[in-house]
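*Asks:* The chain contents come next:
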Amino acid sequence: MAYTIEQIAQALGGRAVGATDVQVSGVAEPADATPELLALAMKPEYAAHLPAGSARAAMLWGDADWETLGLEAAILAPRPRYALSGLSAMMDPGQGWGEGIHPSAVIDDSAELGADVTVGPLAVIGAGATIGARTVIGPQSFVGTDAQIGPDGFLREGVRIGPRVSIGARFIGQPGTVIGGDGFSFVTPEPSGVEQARQTLGDQGEAQAQSWARIHSLGAVEIGDDVEVGANCGIDRGTVRSTRIGDRTKIDNLVMIGHNVEVGEDCLLCGQVGIAGSAKIGNNVVMAGQTGVSDNIFIGDNVITGGGTKVLSNVPAGRVMLGYPAMKMETTMEVFKGLRRLKRLFDDVAVLKKTVSKSEQSD
Amino acid sequence: MAYTIEQIAQALGGRAVGATDVQVSGVAEPADATPELLALAMKPEYAAHLPAGSARAAMLWGDADWETLGLEAAILAPRPRYALSGLSAMMDPGQGWGEGIHPSAVIDDSAELGADVTVGPLAVIGAGATIGARTVIGPQSFVGTDAQIGPDGFLREGVRIGPRVSIGARFIGQPGTVIGGDGFSFVTPEPSGVEQARQTLGDQGEAQAQSWARIHSLGAVEIGDDVEVGANCGIDRGTVRSTRIGDRTKIDNLVMIGHNVEVGEDCLLCGQVGIAGSAKIGNNVVMAGQTGVSDNIFIGDNVITGGGTKVLSNVPAGRVMLGYPAMKMETTMEVFKGLRRLKRLFDDVAVLKKTVSKSEQSD
Amino acid sequence: MAYTIEQIAQALGGRAVGATDVQVSGVAEPADATPELLALAMKPEYAAHLPAGSARAAMLWGDADWETLGLEAAILAPRPRYALSGLSAMMDPGQGWGEGIHPSAVIDDSAELGADVTVGPLAVIGAGATIGARTVIGPQSFVGTDAQIGPDGFLREGVRIGPRVSIGARFIGQPGTVIGGDGFSFVTPEPSGVEQARQTLGDQGEAQAQSWARIHSLGAVEIGDDVEVGANCGIDRGTVRSTRIGDRTKIDNLVMIGHNVEVGEDCLLCGQVGIAGSAKIGNNVVMAGQTGVSDNIFIGDNVITGGGTKVLSNVPAGRVMLGYPAMKMETTMEVFKGLRRLKRLFDDVAVLKKTVSKSEQSD
Chain A
1 MAYTIEQIAQ
11 ALGGRAVGAT
21 DVQVSGVAEP
31 ADATPELLAL
41 AMKPEYAAHL
51 PAGSARAAML
61 WGDADWETLG
71 LEAAILAPRP
81 RYALSGLSAM
91 MDPGQGWGEG
101 IHPSAVIDDS
111 AELGADVTVG
121 PLAVIGAGAT
131 IGARTVIGPQ
141 SFVGTDAQIG
151 PDGFLREGVR
161 IGPRVSIGAR
171 FIGQPGTVIG
181 GDGFSFVTPE
191 PSGVEQARQT
201 LGDQGEAQAQ
211 SWARIHSLGA
221 VEIGDDVEVG
231 ANCGIDRGTV
241 RSTRIGDRTK
251 IDNLVMIGHN
261 VEVGEDCLLC
271 GQVGIAGSAK
281 IGNNVVMAGQ
291 TGVSDNIFIG
301 DNVITGGGTK
311 VLSNVPAGRV
321 MLGYPAMKME
331 TTMEVFKGLR
341 RLKRLFDDVA
351 VLKKTVSKSE
361 QSD
Chain B
1 MAYTIEQIAQ
11 ALGGRAVGAT
21 DVQVSGVAEP
31 ADATPELLAL
41 AMKPEYAAHL
51 PAGSARAAML
61 WGDADWETLG
71 LEAAILAPRP
81 RYALSGLSAM
91 MDPGQGWGEG
101 IHPSAVIDDS
111 AELGADVTVG
121 PLAVIGAGAT
131 IGARTVIGPQ
141 SFVGTDAQIG
151 PDGFLREGVR
161 IGPRVSIGAR
171 FIGQPGTVIG
181 GDGFSFVTPE
191 PSGVEQARQT
201 LGDQGEAQAQ
211 SWARIHSLGA
221 VEIGDDVEVG
231 ANCGIDRGTV
241 RSTRIGDRTK
251 IDNLVMIGHN
261 VEVGEDCLLC
271 GQVGIAGSAK
281 IGNNVVMAGQ
291 TGVSDNIFIG
301 DNVITGGGTK
311 VLSNVPAGRV
321 MLGYPAMKME
331 TTMEVFKGLR
341 RLKRLFDDVA
351 VLKKTVSKSE
361 QSD
Chain C
1 MAYTIEQIAQ
11 ALGGRAVGAT
21 DVQVSGVAEP
31 ADATPELLAL
41 AMKPEYAAHL
51 PAGSARAAML
61 WGDADWETLG
71 LEAAILAPRP
81 RYALSGLSAM
91 MDPGQGWGEG
101 IHPSAVIDDS
111 AELGADVTVG
121 PLAVIGAGAT
131 IGARTVIGPQ
141 SFVGTDAQIG
151 PDGFLREGVR
161 IGPRVSIGAR
171 FIGQPGTVIG
181 GDGFSFVTPE
191 PSGVEQARQT
201 LGDQGEAQAQ
211 SWARIHSLGA
221 VEIGDDVEVG
231 ANCGIDRGTV
241 RSTRIGDRTK
251 IDNLVMIGHN
261 VEVGEDCLLC
271 GQVGIAGSAK
281 IGNNVVMAGQ
291 TGVSDNIFIG
301 DNVITGGGTK
311 VLSNVPAGRV
321 MLGYPAMKME
331 TTMEVFKGLR
341 RLKRLFDDVA
351 VLKKTVSKSE
361 QSD
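Protein chains in written order, with the numbering used here: chain A, 1 to 363; chain B, 1 to 363; chain C, 1 to 363.
The following block holds chain A by itself, in its conformation from the complex (with noise of 0.2 Å):
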């Protein structure tokens, strides 16, 4: 796929300029960048290694002095990096993989695929499962019984998706996620030490060593349209009702979701969170990398959390935090100020113990 100049600039709706007829075949960094290709220098410090290529056009950002920069074209974006979203879709070159219901695919009779569904090698589907227009089932992936995939979603190799689940329009499964495995839902016959314990915030009190009783997952998963889920994630069922992740959500790799979690629309979860069973998240919550959230926990709309923060209660609409335990952001840099002036701090108080003490003697 080659592309003009202008053809570019029109889909993203940037500004062409110079020779807009040139053809593009790629994209590139500024310093690897052959003729054929469109580099991208979405700053002035990225167009500095411009040099050290060849391009002969590249993106630029809204008000580049592209003439000065040796390029015979360019593409002027206000927002370079929102523009990059549409460029990379143009450029993408997909999974190569063939179309069509592959022949060592095990598919149920009772499963119903819409048209033009793709079904990669090796891939199993299951009873009464329901697959929509032109989505693609990966190879050696697995649609669990009952379970129903919107139109026009993609999964990679190896996805998981359980029984009962449904998800809806345009999905994205990253390989060997998991959605729907059963909830760690365990109860003792008699209450334990972790109750005790949580009620009195750390004393597990006299109970009694005693073994787990199961409780089955009755509850599927919900989720909802355009949402992408990584690499290798568990995404558990609920215990009665299903667990639900709302539209336009995206999930990073390796992320755990309890059950009968809850989270918003248009909420990232970056890699490694892991949210606790019942947790609730709300609308355009961004959790960076190893964020823990507890269970049963609430956590409002726009949300911001730093990387490893743990949430250990409720944090209300708007909050940008960080730290263990998670705090205002603006709170837990203090205490990280703080904490490499504690030994300082220490000392300081012990000279003035002595100081005041000899003082007091002296009156």
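Rather than coming from a laboratory, the hints here were simulated on the basis of the structure. Certain hints may be false.
Intra- or inter-copy, both count: the list cannot distinguish identical chains.
As the list claims (entries may be wrong) - Distance condition first, Cα-Cα at most 25 Å in a straight line; then the derived SDA-like pairs of lysine to any residue:
{"no.": "1", "residue 1": "Lys337", "residue 2": "Gly300"}
{"no.": "2", "residue 1": "Lys280", "residue 2": "Glu206"}
{"no.": "3", "residue 1": "Lys43", "residue 2": "Leu69"}
{"no.": "4", "residue 1": "Lys328", "residue 2": "Glu262"}
{"no.": "5", "residue 1": "Lys358", "residue 2": "Met327"}
{"no.": "6", "residue 1": "Lys358", "residue 2": "Arg344"}
{"no.": "7", "residue 1": "Lys337", "residue 2": "Gln196"}
{"no.": "8", "residue 1": "Lys343", "residue 2": "Met333"}
{"no.": "9", "residue 1": "Lys280", "residue 2": "Ala52"}
{"no.": "10", "residue 1": "Lys43", "residue 2": "Gln10"}
{"no.": "11", "residue 1": "Lys328", "residue 2": "His102"}
{"no.": "12", "residue 1": "Lys328", "residue 2": "Glu206"}
{"no.": "13", "residue 1": "Lys43", "residue 2": "Gly26"}
{"no.": "14", "residue 1": "Lys343", "residue 2": "Met327"}
{"no.": "15", "residue 1": "Lys343", "residue 2": "Val356"}
For this one, chain A is given, so just place chains B and C on it according to the hints.
*Replies:* Below, chains B and C without anything else, positioned relative to chain A:
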């Protein structure tokens, strides 16, 4: 499957009251319950939502006044959450998979399958593997050479059991979980910077950069009876002897258990817990999500850790731990409180220093 | 496979002593050793358990007094743990898989397989993929379009290699690992709350709720020679150029490596480490379990991080780091000590305030 209230109460050891021949075919939260579903209203605050649904019958707490709740029948359970365990097992519709050996499975001639074993589509069972009676090997699962799985087990889709791993009765493996990956064990020709930094607690000295030689895992993994392992875990083989997981221990999603680790009986390891090589965990230990345990650590019986706890040194039996570093929960709760007031403490000390220095000068 | 003590000592560069023609067919811990197994008693405290077993021969430390330990023969190794590397390779019984191309594998006609390649049952190899000589593609593994894997590699069961990923010689991939998932890269039409909070360190301002546009990953993953990747990892493709892992770097289970990340040579990344997008890690870096690294961070050569460390800013070469936030290990050790005494510090300051205020009043 439909059951009368009487049948359910008897199975769970609860008390049936009212029109005990009312039939239900499933369970629901109070507000979602239709007349043919049993509402789960196990606390007064849940029962408050009964009017929003149309349940005829509910499961309630032991001394609930069921008649004023507008129900025709009820099951009164002294510990309703425990009763839910049995109830959910009765109501579980299961995976909906067929029985028997699917013709697409690849089973080595030397593997031994017990009576009524099910092997799903595209599963692989290696040479010399033994599968106990009635065990289900899910679609696309893998059982390695000479591995043993006891009776009445259930591997969901895409579970991987490595060579020579031995697993007891009634095992449950969630999708994508890996038991029997190779241990992560490497050694440098000369002492490494890590070895030095450990000894000096921070100074890696003059250790030269070196490459890592692999120590192969010759041990396997031994898992007791009634163990469950969550989705996409990684449990590694031991170096010389086997990594061990005790009877009735339950492991959640994305948990990592390193080589040579020993986990006792009746433990609960929640999502994303990581236990480094050769750590030894006692019985009835509960670790909340994202807990980490350093290598070669010993954790006593009945220890509980809170979410995100990082255990860097041994923990005696019975302790409730929290924080990074792991300390007694009550100590960490004090620390958390102190951190929030840390800035004020610095300010107070600054004022004190000024005051004391002035008063000294004025002496 | 049985070897004489002499053969083993020669292979490992150790010294054989005693009846060096004694044969052993495996290894065991001292207490478990039978006469046909070599006991591993590499420290005096391990050798103390020799009487509990019935070993005829043992591997011991360099100047061990083997005769007084009741052995017939021994291998004396100056650095026994390093010798264990070679010994374990000799004794490894392997996966027990057959050789050759299994008829159930689905291999595209355009894939190129080198001499003596093994492809296990139900593996999939995509169009244009290249597999080096003697490499083993395990059961149910997947190799994507135009991916390249060098010679003498070993993919265990269920490994997923994405399109255009290139991997050097002698690669080892543990079960379920994913190399070449799509990067987690999203952008909003207007600056998002996250962008604002990053600039202001905590204030997301008036940013409106927006949806996330996907940036497709056009880059691949490039992996050097002699790399190992653990079970159920997720290593993402780069956005424009490739994500890179250097020669001889070893990666443990459940590790997440984001798009565009560069990891140097001879690194060790332990279980559940997470490295966010575009971070750059030097050579000979060792990260203990659950270490997290923020995006766009630079970590110098020879850096070591302790368990659970959260690296939020650049780290110069040679540093040993610990804690959240990551600080020099010695600083963090001081902080840990201080935290345990934090309550007392507050109490001391309270007393001081009272004393000083009283003495001021009395002035």
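*Asks:* Indicate, hint by hint, whether the structure satisfies it.
*Replies:* To see whether the hints hold, each was checked on the structure:
| no. | hint | in the structure |
| --- | --- | --- |
| 1 | Lys337 / Gly300 | between (28 Å within a copy, 23 Å between copies) |
| 2 | Lys280 / Glu206 | between (32 Å within a copy, 24 Å between copies) |
| 3 | Lys43 / Leu69 | within (12 Å within a copy, 66 Å between copies) |
| 4 | Lys328 / Glu262 | within (23 Å within a copy, 32 Å between copies) |
| 5 | Lys358 / Met327 | neither (40 Å within a copy, 35 Å between copies) |
| 6 | Lys358 / Arg344 | both (21 Å within a copy, 21 Å between copies) |
| 7 | Lys337 / Gln196 | between (36 Å within a copy, 22 Å between copies) |
| 8 | Lys343 / Met333 | both (18 Å within a copy, 10 Å between copies) |
| 9 | Lys280 / Ala52 | between (50 Å within a copy, 21 Å between copies) |
| 10 | Lys43 / Gln10 | within (21 Å within a copy, 60 Å between copies) |
| 11 | Lys328 / His102 | neither (52 Å within a copy, 55 Å between copies) |
| 12 | Lys328 / Glu206 | between (37 Å within a copy, 17 Å between copies) |
| 13 | Lys43 / Gly26 | within (19 Å within a copy, 59 Å between copies) |
| 14 | Lys343 / Met327 | both (23 Å within a copy, 13 Å between copies) |
| 15 | Lys343 / Val356 | both (20 Å within a copy, 20 Å between copies) |
Of the hints listed earlier, those the structure fails to meet are numbers 5, 11, in rising order.
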